[in-house]
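A.B. asks: Line by line, the protein sequences give chains B and Y. Using this note's numbering, you'd call the opening residue of the first sequence number 1 and step up by one each time. Using this note's numbering, you'd call the opening residue of the second sequence number 1 and step up by one each time.
No lab work stands behind these hints: they were computed from the structure. Be aware that one or more of the hints could be misleading.
[Claimed, not checked] So, partial list: chain B residues that the calculated Cβ filter (under 8 angstroms) puts toward chain Y:
#1 Lys341
#2 Gly406
#3 Leu431
#4 Thr434
#5 Ala436
[Stated by the list, open to error] Pairwise CB distance ranges, derived in the manner of DEER restraints:
#6 B/Gln23 with Y/Gly345: 44 to 50 angstroms
#7 B/Leu462 with Y/Gln196: 35 to 41 angstroms
#8 B/Ala390 with Y/Pro155: 34 to 40 angstroms
#9 Y/Pro155 with B/Gly287: 31 to 37 angstroms
#10 B/Lys341 with Y/Gln142: 24 to 30 angstroms
The beta-carbon is built from N, C-alpha and C at its ideal position, and this holds for glycine as well.
Below, each chain spelled out in residue letters.
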Amino acid sequence: MDFDVIIVGAGPGGYVAAIRASQLGLKTAIVEREALGGVCLNWGCIPTKALLKSGEVYEQLHHLADYGLAADKPRFDFAKVVERSRKVAGQLNSGVGFLMRKHKIEVIEGTARLEKGTPAPKVVIAQKRGGERTLQAKHVILATGARARTLPQIGLEPDGDRVWSYREAMVPKAAPKSLIVIGSGAIGIEFASFYRALGAEVMVVEALSRILPVEDEEVSTAARKAFERRGLKFRIGATVKKLTKSKTGVVVEIETGGKTEALEAERAIVAVGIVGNVEDLGLEALGVKIEKTHVITDAHGATGVPGLYAIGDVAGPPWLAHKASHEGVHCVEHIAGQPPKNLNAPIPGCTYANPQIASVGLTEAAAKAAGRKVKVGRFAFRANGKAIAAGETEGFVKTLFDAETGALVGAHMIGAEVTEMIQGYALAMTLEATEAELHATVFPHPTMSEAMHESALDAYGLVLHA
Amino acid sequence: MTDILMPALSPTMEEGTLAKWLVKKGDTVAAGDVIAEIETDKATMEVEAVDEGVVEEILVEAGTEGVKVNAPIARLSGGTEAKAPEPKAAEKAAPEPAPSKAEAKSEPAAKAEPAPAKVASAKSGAGERIFASPLARRIAEQKGLDLSTLTGSGPHGRIIERDVKDAKPGAKPAATAAAASTERRGETRPVQSLQQMGIPEGSYDLIPLDGMRKTVARRMTDSFRDVPHFPLTIDLEIDRLLEARGRINKMLEKDGVKVSVNDIILKACAVALKRVPEANASYSPEGVALHHHADIAMAVAVEGGLITPIIRKCETKGLAQIAAETKDLAERARTRKLKPEEFQGGTFSVSNLGMFGIKSFGSIINEPQGAILSVGAGTKQPVVRGDQLAIATVMSVTMTCDHRVVDGATGARWLEAFKALIEEPLAMMV
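If we strip away everything but chain B, and leave its shape as in the complex, we get (with noise of 0.2 angstroms):
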């Protein structure tokens, strides 16, 4: 047996279980194709945020003379913003290889394949620097992750140049003047949000209804009222007929409602959605169930096939990096025989865009339709003392209640730093919260926060400051 575990793939899942089983004694390897810290750290969460923060600061000098300042004609250098998101990647990668050394993890560098084996799959390792090598281990964890759907025979594949993932819109060479972002989600949201602030035309064409579909739809329509403030433009109830490159650009048809429209830009973005990588592992032959490109897993993240596991995106949605080391915290866990913590902790999400948005539990219509009679409470940032002082009044705070028994069941914000706040519901929630504790906490003043007090409460009747 050459080890307890082997991790397949070192995202935010994969290395974060390795971590987990080096602390609970387990002999650990963690094998990756690319880098340390996978899309989250290299091409994903991280980066962005590099991005997006540079672009929040720019959109913040045009406003300047809201705060009594004023600067000479603001612009912006491109090459050192995407150079500035690279460099923060690339230090966050070689924290976690200190982390690898320091929990003594094995780190293979190379593509896994699975093959039969006991107690656990064998795994076998096309090595970078050359060479085959198999490990057994008792417990094979797949933290393989997943990549950007592509619609090939609609045009909408990434070719590097004109059309986009979010791989390639990270690093341009030059900003665009004009993008097509395809599908409204957190991933195609934040990238009309970096590339508005930087002051190209930005049109994002969304199939459903609304945009941040997976949102309440209170924040949906705020969202896009906001955006639209700052210049984006949304195609809604739109289906993408074709996309085509044109020697200018791109040309993307649409039909909306039976009319369609031919959109025009320089460059397009693909996010209509992510698919699990599943693929080359050998998993058919193992008999691993596989659906929609996502391996099916029960609650610790067994597949079925001795000894073999799997987490995060790969074990399917909400395909969030939080959600991948809550699971492989979880499951190694289990593997050493430990009681689970929570199986049901709710998994906020947040989309980093300018209002940001953030949620926990669920959405008033969800709640509704899962027949629970809520209560609902509401608080805008305007009337936030902290707010205006920091001219950031955009958004509010939705709580929903259950009308029985006063849990805690979803929380909803949009606004300045709201991704920053959330986790008080998440942790009001994972304790199971009613509103009596939420009301009986004291926030601290002044603050945006004081916002979520006060939403708790105008689902009570008892607001305070509206």
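Once you have looked at the hints, place chain Y on chain B.
C.D. replies: Same frame as chain B, now just chain Y:
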């Protein structure tokens, strides 16, 4: 540092009284040393140390009632050396032998704990904290659930929403069926104070309810209210039995064994249950359980209550063995040294008040048993034989039946079989 936890002395035990400490702070203990005595519903048990170490702190005082299973009761600091793997304790400072006269009189927990306001969250007893999420507390309150009867599935056993959502008030957790049910029900029933019922305060002494009294109150109330019971009475002539007993005891004299009338009754009950197995039954929602063996429980009066130790597989045992067992069980019942498995379960009970001259009486069924036999005094009475008046020693017995499993005719057939065995003890040999 190791916490010593309140042990579960039986699978169904939920809480107990920490009757007495045999060690004190600073004492050194070795694995296997008896460190405390725990009083459960019916028995006093000894707690042994599992680890060696020095008693750092006593966390639960002697005399504390309602100590939850698995609650820390004391803290041991690490052993002298690195924690040796379970030393089979040879030398160690022996704890001073339990001062025998200081019997485990549980101090009435008079120091009323400042009771948390909400019923659902508080648990009277020793005021021990129950870890439950706010949402779980609220749902429990809304549904009238007692959190202390639930097992938490959250971190560190915290009770969370999932644990209360599907729990039903009064639904007995399978394992603790009988034990758990009543205090809950007691709570729902409006209890009037003695004053409300016209008995002035100060006109009586109040004896606190100990574990046994609570259990008797609860189980008997449950049974009398919930089990549809009816009595069947029959007279038995026991002259032959008395004569047989005399001969048997003569035979056993050299062994120092003395068979009582009650021992013969127990044996006859067991044989009769084999002959009418329908009477050896328990009701359960899943069906009527017909027991393979006659495990006969005998009621033993003890100070402060009663207890029903069991003669297992009584139908397989000879009178000498039954006599030896009843003597031993009764003695240990009176000193409260029975193990839980010696008084829990049983398929049929016998209660005998003949020695007090009681002519006949009807007992309350000891759930989940299907019947209980109440045995009165044997007295010489005039009987009619043919057309002649004669004198016989007559004993009345009353069988109380759970009508859900033992119908009138079944009970009557059992009594018929029992009567035949008592009136002709030789029949037990057949």
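A.B. asks: Now tell me if each hint is right for this structure.
C.D. replies: Here is how each hint holds up against the structure:
no.: 1; hint: Lys341; result: 5 angstroms, holds
no.: 2; hint: Gly406; result: 6 angstroms, holds
no.: 3; hint: Leu431; result: 6 angstroms, holds
no.: 4; hint: Thr434; result: 5 angstroms, holds
no.: 5; hint: Ala436; result: 7 angstroms, holds
no.: 6; hint: B/Gln23 with Y/Gly345: 44 to 50 angstroms; result: 46 angstroms, holds
no.: 7; hint: B/Leu462 with Y/Gln196: 35 to 41 angstroms; result: 40 angstroms, holds
no.: 8; hint: B/Ala390 with Y/Pro155: 34 to 40 angstroms; result: 37 angstroms, holds
no.: 9; hint: Y/Pro155 with B/Gly287: 31 to 37 angstroms; result: 35 angstroms, holds
no.: 10; hint: B/Lys341 with Y/Gln142: 24 to 30 angstroms; result: 27 angstroms, holds
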